[in-house]
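Peer 1: Counting from 1, one number per residue, gives the positions in the sequence shown under our numbering.
Hints may contain errors.
What follows is a list of derived Cβ distance ranges for each label pair [as the list claims (entries may be wrong)]:
1) Pro17 / Thr195: 23 to 33 Å
2) Arg71 / Thr218: 32 to 42 Å
3) Glu211 / Ala91: 33 to 43 Å
4) Ser207 / Gly41: 19 to 29 Å
5) Asp90 / Thr167: 34 to 44 Å
6) Pro54 / Asp176: 16 to 26 Å
7) Thr167 / Glu109: 23 to 33 Å
Just so you know, these hints were derived from the structure itself, not from any lab. Quick caveat: nothing in here was measured; it's all calculated off a predicted structure. The beta carbon of each residue, even a glycine, is placed where N, CA and C say it ideally should be.
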Amino acid sequence: MMVDGGRPAVAVIAGTPYDSGLGAELLRAKGLATAPYAMAGSPDEQDSLQYRDPGALTAAFHAQLHELRARGTELAMLFCNSLSAVVYHDASALPVVSPVTVYREVFPELRSSLVITGNAQAVVGVERTAWEVSPGHRMLGVSDPGLVRGIEAGDPEAAFSTSHLPTTLRLARRLDLDAVVLACTHFTSVLPLITASCDLPVIDVGSRLVELAALAATGSEIHG
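The whole structure should be built from the sequences, with the hints applied where relevant.
Peer 2: Pasting the structure below:
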């Protein structure tokens with residue numbers, strides 16, 4: 001997909017229309033043309049694909065990348081932590097900036113963390129990468145799929161306040177961890193609420209992912 005001036009749009013691939021749309025909106029705020037692509041219609045459908053038929057999901061993901069390349073797209077941002085844990089994308093038809101890119105940057109800088117995800121697939125993906133790049137890292141992983149569904153229902157603030165996340169954030173402080181890592185792109189939409197409720201540094205994978213994708217799209221050097 002081409003935009004004015006002949007520059008290709010960044011493809012934002014995610015699990016649902018919500019997170020693909022959020023990722024596209026955040027890139028547009030940085031002045032980039034984007035086009036969102038959702039691999040499923042809802043969190044329930046995405047979870048079902050990840051757990052029951054990851055092979056078909058991976059095939060569909062790579063077919064999408066091949067189609068985008070054929071249409072002139074030069075860069076994709078994978079804006080879904082759990083999807084990035086299921087589909088292999090280090091070698092693909094397009095360069096892909098993904099949550100794994102952020103994990104590889106972040107975890108060597110931390111001794112310990114509370115990692116909060118949208119499902120257990122994402123926990124596995126984060127832990128796998130942390131083990132590869134920072135073997136001594138102490139990680140506590142927690143998934144909150146209910147918060148994901150509450151955010152998608154249209155009232156992120158209510159979803160946050162009625163979730164277990166405020167209590168979990170207090171636990172992170174008592175455990176003397178270095179940081180809280182938000183490893184679900186849905187949680188980027190409640191980032192101000194999370195930072196206001198947490199005394200520890202909060203690393204939002206979704207926000208950093210957008211920064212790295214913007215750097216890649218403009219040809220800037222990515223440090224880290």
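Peer 1: Could you check the structure against the hints above and give me the numbers of any it violates, in ascending order?
Peer 2: Hints 2, 3 and 6 not satisfied by this model.
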